[in-house]
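> Residue numbers (our numbering), protein chains in the order written: chain H, 1 to 278; chain X, 1001 to 1268; chain Z, 2001 to 2241.
In case anyone wonders, no lab produced these hints; they're calculated from the structure. Computed from a predicted structure; not experimentally measured. Even for Gly, the Cβ is constructed at its ideal location relative to N, Cα and C. Just so you know, not all the hints are guaranteed correct.
Pairs of lysine to aspartate or glutamate residues, derived as EDC-like cross-links and limited to a Cα-Cα distance of at most 16 Å, are as follows [to be verified]:
(1) Z/LYS2163 <-> H/ASP225
(2) X/LYS1103 <-> Z/GLU2166
(3) X/LYS1215 <-> Z/GLU2100
(4) Z/LYS2234 <-> Z/GLU2057
(5) X/LYS1215 <-> Z/ASP2056
(6) X/LYS1215 <-> Z/ASP2074
(7) Z/LYS2163 <-> Z/ASP2225
(8) Z/LYS2214 <-> Z/ASP2122
(9) Z/LYS2060 <-> Z/ASP2074
(10) Z/LYS2234 <-> Z/GLU2053
(11) Z/LYS2223 <-> Z/GLU2072
(12) Z/LYS2174 <-> Z/GLU2144
(13) Z/LYS2060 <-> Z/GLU2213
(14) Z/LYS2223 <-> Z/ASP2096
(15) Z/LYS2214 <-> Z/ASP2096
(16) X/LYS1215 <-> Z/ASP2184
(17) Z/LYS2214 <-> Z/ASP2103
(18) Z/LYS2025 <-> Z/GLU2063
(19) Z/LYS2163 <-> Z/ASP2184
(20) Z/LYS2060 <-> Z/ASP2184
(21) X/LYS1215 <-> Z/GLU2097
If you want the ones that stay clear, here's a sample from chain H, every Cβ over 10 Å from chain Z, calculated [as the list claims (entries may be wrong)]:
(22) LEU70
(23) GLN98
(24) LEU202
Selected chain H positions facing chain X (Cβ under 8 Å, derived; list incomplete) [claimed, not checked]:
(25) ILE59
(26) VAL63
(27) ILE74
(28) VAL209
(29) PHE236
(30) ALA238
(31) THR247
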Amino acid sequence: MACYLTTGKHMSIYTSVLTVLLLLGITAPIALAFGFGGATAARSQIAPLRWFGKAYIAIVRGVPDIAFFLFFVIALDQAVEYLRHKVLCPDWEGPIRQGNDFVVCQAAKMPLGNAPQWVHESYGFGLAVLTFAIVFGAFAANVLFGAMRAVPRAQLETAEAYGMSQHQTFWRILVPQMWVYALPGLSNLWMVLIKATPLLFLLGVEDIVYWARELGGTKTPRFTDYPHGDWRMWYFLALLVFYLLFTRVSEIVLARIMSRLTHGQATAGGEAQRKATA
Amino acid sequence: MSCFQTIQDYGLRAIGIGERLLPREDFTLCHQFTLIGSGMIWNIYFGLLALTLGFFLATALAMGKASSRTLFRKPSEWFIFLFRGSPLFIQFFFAYFLFLNLKSVHPFFEPFTAAWLGALVVLFFNTAAYSAEIFYGALLSIPKGDIEAADAYGLSGWSRFTRVIWPTMLRLAWPGYTNEAIFLFHATALVFFSGFPAWQQRGDALYYASYFADKTFNPFVPYPILAFYFILLTLIVIAVFGFVNKRLNRHLPQNTRQKIRLRPNLIR
Amino acid sequence: MKNLILTTAVLALSAGMVMADGHGKTIRLGTEGAYPPYNFLNDAGEVAGFERELGDELCKRAELTCEWVTNEWDSIIPNLVSGNYDVIIAGMSITDERDEVIDFTQNYTLPDPSAYIATSEDADLTGGVVAAQTNTIQAAFIAEGGATLVEFATPEETIAAVKNGEADAVLADKAFLLPIAEADADLVLLEQEELIGGGIGLGLRESDAELKEKFNAAITTMKEDGSLNELLTKWEIFGQF
């Protein structure tokens, strides 16, 4: 039994747990940054920027994430290589699209053709992070856009009355206050992000669900030292427990942050907190 | 073959009407649009029914979670936690497995292993759990004055619920609920992708999109078509829910009416 | 998508770890890793099977440095043409529609007949329910026949469907079904076989004619000295050259 649980394949599933956690950890701040950019663009004074922000939010949110993942990574990869190709090989003669093939010069390959495996893996991981961040950035943008509008107008007007410039009002008044309005939406987004990780294998990252399927599937004696029947059920049960625990822990942590943020805010929650301590 | 002919042949292919065989060569844009559109029938079917059924269960669950009786509260809390805490992917897997086993116990469960019912049940429970959480949040933020006023008018029990609490709860929850509806429609794409088998090549939009991607080896046409359909669907959902929102808020003075703000309170 | 993370699959061939300075870049071999005996992941999580041994031998003969990557079956061709690996070696039958998009080397197996597996000898193959993996040549074959087709996302689920009675039989490559029928007393391999698809070859980009020739030459030498036949026998794959 102990031997079975420590085969190389099982080691892979343990590593994939770390991979997933790492991905979540990296994606969250990047998605938030995208969201912030998107929301700021969507309420910009400059019309093209505003259109861009709104279109980004509407289009990416309108499409099921799974459909997006199925073609977007390849497109992203080709875009990166296309740009590098244009910069690095200006005197390349052949066409880039040869029939069905997408051909760029060797120097433009990402990563380079002779790069070791771990570089390929990290690059794939990076693309997955970026794709996740773009999708969830759109949702975050939507949340932040709402939150910025939820900050009471009086607060902003007061800032203007104090002679703050628009820039100052934005950074000193609006941004610090919007978080408390954004947090419920953002925490849900985080929950959603956790639950989107089974789709990672579409992006070429072998996640826990991929390994659970691989390990749980029926194994015939010819191809393994540990033949067994269809054990997917048990592996998925373990995954279920993992996800439920992770959700629970996230809920507790987010509740803490919320009570921190509400502190001293002009909202019902802040009022209740003030009364409780008074 | 004209595009009109194609629509006649394949427009209802997803529910088994029309040509028996899927197109196997010369994939035109018309083919792809028609078949993927035909698959949307399933997405709409799952989304609409799960949403309608889930609405009622969600109300019950929200009331249960807000109840002071442990007997009602605990099961509701656990139901909501279980379905909100796990990926839909895994829910589909377990549901299919469960229905298969139940089937051998009693023939009543026979149809549950087919997507049209089995997946519907999962989506129904799933959306009920998510909506219940939204409704619960709204329930807690009903102004105290409203309930006191109802008491003062001598309303109690059922009539207090249907006339005061329920409408107010809906009004408050509506923006969040709109988002849930959008996400439910997106979630329907997972049905044939991971959970349930497709019979006789009748599948949803994603099933046909991946069919074309597989046959043409070019993902850049079918998936954007799929995306186009879903954006369209999302716009329709937003429009319908916006209309309902207007009705829910029609008694309020013009300037305090709550605009439907797509601020996702709860999303999948 | 520079696919994937085969945690393990870095493999430097007999040429040694010397990073192929002489003859350029590393050739990346893309496979699925879920289709025994052709390719699967062994207990250590590494690519193994008939194609692993074949691929390693071919690279040695062609004097190439190769490494292995795994990729989902559904996107295995798009990722090849987009340049994320250079060769598909994944039990892929040579078909006309695939040949329009990519190039194949000569076949390294004879056409493998597809076979049915069922719980009893008298399963109804013409009017009953037959399971197959989504988007395979077998699925297309059943769709055209009289039986009711039911498609599952993975081969694993098709077998499960027969065992629990959802389907009467599964249609899949014989080499894939054989070890399953041997290991499971409830399942029998039916006598009826279908010849669909051609032999299996390596898939390459159409613009990679030079690489294709190298592999073609290597396959020819393996056919001539009988080492290919040895491998086929070892992995119990139908047919000899």
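> Take the hints in turn and mark each one as holding or not.
Outcome of the hint check:
Straight-line distance between C-alpha atoms of Z/LYS2163 and H/ASP225 comes to about 23 Å, which puts the hinted pair past the 16 Å bound. Taken as a hint, the X/LYS1103 and Z/GLU2166 pair is honoured in the structure, with Cα atoms around 10 Å apart against an allowance of 16 Å. Taking the CA atoms of X/LYS1215 and Z/GLU2100, the gap is about 11 Å. The hint holds against a cut of 16 Å. Only pairs whose Cα atoms come within 16 Å are accepted, and Z/LYS2234 paired with Z/GLU2057 is accepted, the gap being roughly 15 Å.
Note on X/LYS1215 and Z/ASP2056: the hinted pairing is violated, with a Cα-Cα distance of about 30 Å set against a maximum of 16 Å. With a CA separation close to 10 Å, the supplied pair X/LYS1215 and Z/ASP2074 stays within the 16 Å bound. Taking the CA atoms of Z/LYS2163 and Z/ASP2225, the gap is near 43 Å; set against the 16 Å cutoff, the hint is violated. Among the hinted pairs, Z/LYS2214 with Z/ASP2122 is inconsistent with the structure: their alpha-carbon atoms are about 48 Å apart, more than 16 Å.
Our distance criterion of 16 Å between C-alpha atoms is broken by Z/LYS2060 and Z/ASP2074, whose separation comes to about 29 Å. Distance check on the hinted pair: Z/LYS2234 and Z/GLU2053 sit about 11 Å apart at the alpha-carbon level, within 16 Å; holds. Our distance criterion of 16 Å between C-alpha atoms is broken by Z/LYS2223 and Z/GLU2072, whose separation comes to about 30 Å. At most 16 Å may separate the alpha-carbon atoms for a hinted pair to count; Z/LYS2174 and Z/GLU2144 exceed this at roughly 20 Å.
Of the pairs offered as hints, the one joining Z/LYS2060 and Z/GLU2213 holds, with about 15 Å between alpha carbons and a cut-off of 16 Å not exceeded. Of the pairs offered as hints, the one joining Z/LYS2223 and Z/ASP2096 is violated, with about 24 Å between alpha carbons and a cut-off of 16 Å exceeded. A threshold of 16 Å between alpha carbons decides the hint, and for Z/LYS2214 with Z/ASP2096 the separation of about 23 Å lies outside it, so the pair is violated. Restraint check for X/LYS1215 and Z/ASP2184: not satisfied, since their Cα atoms lie roughly 34 Å apart, outside the 16 Å limit.
Straight-line distance between C-alpha atoms of Z/LYS2214 and Z/ASP2103 comes to about 13 Å, which keeps the hinted pair within the 16 Å bound. At most 16 Å may separate the alpha-carbon atoms for a hinted pair to count; Z/LYS2025 and Z/GLU2063 meet this at roughly 12 Å. A threshold of 16 Å between alpha carbons decides the hint, and for Z/LYS2163 with Z/ASP2184 the separation of about 10 Å falls inside it, so the pair holds. About 37 Å separates the Cα atoms of Z/LYS2060 and Z/ASP2184, which puts this hinted pair outside 16 Å; it is violated.
Distance check on the hinted pair: X/LYS1215 and Z/GLU2097 sit about 8 Å apart at the alpha-carbon level, within 16 Å; holds. For H/LEU70, the shortest C-beta to C-beta distance to chain Z comes to about 8 Å, within the 10 Å cut-off, and the non-interface label is violated. Chain Z draws H/GLN98 into its interface by the beta-carbon criterion, the shortest separation being 5 Å against a cut-off of 10 Å. The Cβ of H/LEU202 sits about 7 Å from the closest Cβ of chain Z, inside the 10 Å cut-off, so the non-interface label is violated.
Because the closest C-beta pair between H/ILE59 and chain X is about 6 Å apart, less than 8 Å, the hint holds. The criterion of a C-beta within 8 Å of any C-beta in chain X is met by H/VAL63, whose closest approach is roughly 4 Å, and the hint holds. For H/ILE74, the interface hint holds, the least distance from its beta-carbon to any beta-carbon of chain X being 6 Å, beneath 8 Å. Restraint check, H/VAL209 versus chain X: the minimum CB separation of about 7 Å is within 8 Å; hint holds.
Nearest Cβ of chain X to the Cβ of H/PHE236: about 5 Å, under the 8 Å cut. The hint holds. Given hint, H/ALA238 at the interface with chain X, is violated; its Cβ is 11 Å from that chain's nearest Cβ, farther than 8 Å. A hinted interface residue such as H/THR247 counts as satisfied when its beta carbon comes closer than 8 Å to some beta carbon of chain X; here the least separation is about 4 Å, so the hint holds.
Hints 1, 5, 7, 8, 9, 11, 12, 14, 15, 16, 20, 22, 23, 24, 30 from the list above are not met by this structure, while the remaining hints are.
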